[in-house]
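So you can see what is in the structure, the chains are spelled out below.
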Amino acid sequence: MKIDIILCGVGGQGILSIATIIGEAATKAGLNLKQAEVHGMSQRGGDVQSHLRLSDEVIYSDLIAQGGADMIISMEPMESLRYLPYLAMDGKIVTGSEPFVNIPNYPEMASVQQELAALPAVDIMDIDAVAKSVGNPRGANMVLLGMAARHIQILSVQELKDAIRTIFSRKGEAVVEANLKAFQAGFDGVDN
Amino acid sequence: MKKLLLGDEAIALGAIHAGLGGVYAYPGTPSTEITEFIQADATARERGVHSRWCTNEKTAMEAALGMSYAGRRALVCMKHVGMNVAADAFVNSAITGVNGGLVVVAADDPSMHSSQNEQDSRFYGAFAMVPIMEPSNQQEAYDMMQSAFELSESLREPVVLRVVTRLAHSRAAVEVHEPAAMQNLGICQERWVLLPGIARTRYAALINKQADMQAASQESIYNRLECGGGSLGIIACGIGYNYVKEAIGDKANILKVSHYPLPESAIHSLAAKSDAIIVVEDGQPVVEQQVKSMLGAEYPLKGRLTGDLPRAGELTPDNVAKALGVEQKPTLAPSAIVAPRPPQLCQGCGHRDVYTALNQVLATYPDYRIFGDIGCYTLGALPPFKALASCVDMGASITMAKGAADAGFFPSVAIIGDSTFTHSGMTGLLDAVNDKSNITVVISDNLTTGMTGGQDSAGTSKFEAICVALGVEPEHVRVVVPLPKNMEEIKQILKEEIDYPGVSVVIPRRECIQTAARKAREARKAKENAK
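Residue numbers (our numbering), protein chains in the order written: chain A, 1 to 192; chain B, 1 to 531.
Derived from the structure by calculation, the hints contain no laboratory data.
Using N, Cα and C, we set each Cβ at its ideal position, and we do this for glycine too.
Treat the hints with care, as some may be off.
Here are the simulated distance ranges between beta carbons [said to hold, decoys possible]:
1. A:G12 / B:R52: 25 to 35 Å
2. B:R224 / A:G30: 26 to 36 Å
3. A:D90 / B:D456: 43 to 53 Å
4. A:E57 / B:Q328: 15 to 25 Å
5. B:K485 / A:G12: 24 to 34 Å
Calculated cross-link-like contacts (lysine-lysine; reagent style DSS-like; alpha-carbon spacing at most 30 Å) [to be verified]:
6. B:K519 / B:K485
7. B:K531 / A:K171
8. B:K3 / A:K2
9. A:K132 / B:K525
10. B:K292 / B:K251
Residues of chain B placed beyond 12 Å of chain A at every Cβ, according to the derived structure [claimed, not checked]:
11. E150
12. L155
13. K292
14. L305
From just these sequences and the hints, can you work out the full model?
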């Protein structure tokens, strides 16, 4: 079994924390993992992405081939479209619905929504609103991870929750609980 | 025990576990995390491993050579263009030779994710005539540190460890072992005095060692010939090996190369088994050129020079699969509506206020140029500021402004960050002072090395003193606080100093908002913990 995921968003939105948590869960589960990211200049409000590969077999390449990603997990709708050539023809997009506008030429939201609607498998949710509604306005990335969790079959929900606990434990029990709550809200939200 | 590590972190931990005495480095993407890891590592701290940042790559290289002379294992880390800065010391360290093991990590950036070129550090290794190691994955990066220090000590030469962005910044689980004791071979009893007569002898010795280097490469556990059949032989270097395996699995004859000089007999045996050879290497066609001269112009050789792989840019699973004739998966068309989202200066960053002021003041002159430098403030070249005429290499803002002023151009302004100024700007400022050049130098001081994530800056709290000591007149060293509320004052001071016919320095000083926020968080946490 394997899963190849493109994680994306805008610098500062917290996609690397998602990668860290999945990485922790995968390592604990004894899976092989490779996770490539770009640091440096691109973090200053530019687009950021990470290639995350999990498998129970040897993984050679740090990068996912085009047409090979099982899933795109994106904090932001336009960013989810940036990596379409990487998505497998039957791949899944899991994305936040609210645009992050820090450029003058951000496309019309209607056309972004239209493109997403034309794709075969898209889960879209206002992750910022959900995060706020559970009292964790900075937890939108955990809501997104919750949304994605049911499609990451190589890891159980409990394994991901344990990883959230491990990663946030040094910040105290309150932070752990707030992030677990955001994760659960994202997971439940997909059902509705 | 297994640990999830970035390639950079695997190098760092491998070095610590190999009994490292000290790391010397200047921050530069994608190499920065090596030194940061050593700075934070409990074993390294307990052992007192040196890890403070250096002023530039040349001072780093020289200090490491000194540590090696004293008998300790020393590590130097830099991004690829840092090799240009360190080159004088690096190339000559092959002539002096080493005592304690000396490993030079060069982190190359094919595709220029965060750089101004994609020069290949393997040329430097070959130029200096020393061995190069190039890990294909995180485990090798860790293991190779031990091997590289041992090789360096057995040959008594520095060893280059070359990585690329995709390994430096990719995580995987690494099997790690217990740290070895710190090495101490004792102070060197030789004298490394490269007067011509002595240097000739040492150079002859270096040439004589080439056969040993070739033998080490032939026997290296990091080079191997995998015989999977087929008529196309593949030479797969560094992480190129991963893309080859991903595309073709075991169904080819693959010579994996992670240790140079190239293992010559293995290349000849691959050539004998194959009708043609393709070289898969990340970066420039270093191996392709060498293999061409080994096998002769008649042998069918493919690679970047023949266009089978792209001449520029990094290797990807896609371009390697295509070059190997492996069918690729169908893909969705790229979206037509996605807009580029270039990096930008943070909202509230002091550099923004500096550019606002500079642009407004200089717009009152018929023509002007601002010569830029390397750091976050290079983003001032992009909209909305579009302020820069140039950005070439560390320190070039001051010297290019000087050259333009020497040619009679006015106003000629340089903008340089605090860390870049101490890295390579001070010597240029001295040239300008000695020539009484009509330039204004803006040292935009955010009290940190910002672009690489906020490392200590060598000159913090010393800039006025440095400028005055270099000969800038004290009344023409002006300090301002770049905030919107001070805009009129900043513009007034800039105008006065631009109009002063000589060397003037304006220092806008306000802490980087990222490091300020981080410090505030840490202070809050410390307060909470104290409760």
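How the hints compare with the structure:
no.: 1; hint: A:G12 / B:R52: 25 to 35 Å; result: holds, 29 Å
no.: 2; hint: B:R224 / A:G30: 26 to 36 Å; result: holds, 27 Å
no.: 3; hint: A:D90 / B:D456: 43 to 53 Å; result: holds, 50 Å
no.: 4; hint: A:E57 / B:Q328: 15 to 25 Å; result: holds, 21 Å
no.: 5; hint: B:K485 / A:G12: 24 to 34 Å; result: holds, 26 Å
no.: 6; hint: B:K519 / B:K485; result: holds, 24 Å
no.: 7; hint: B:K531 / A:K171; result: holds, 15 Å
no.: 8; hint: B:K3 / A:K2; result: holds, 20 Å
no.: 9; hint: A:K132 / B:K525; result: holds, 24 Å
no.: 10; hint: B:K292 / B:K251; result: holds, 24 Å
no.: 11; hint: E150; result: holds, 27 Å
no.: 12; hint: L155; result: holds, 31 Å
no.: 13; hint: K292; result: holds, 27 Å
no.: 14; hint: L305; result: holds, 23 Å
The structure meets every hint from the earlier list without exception.
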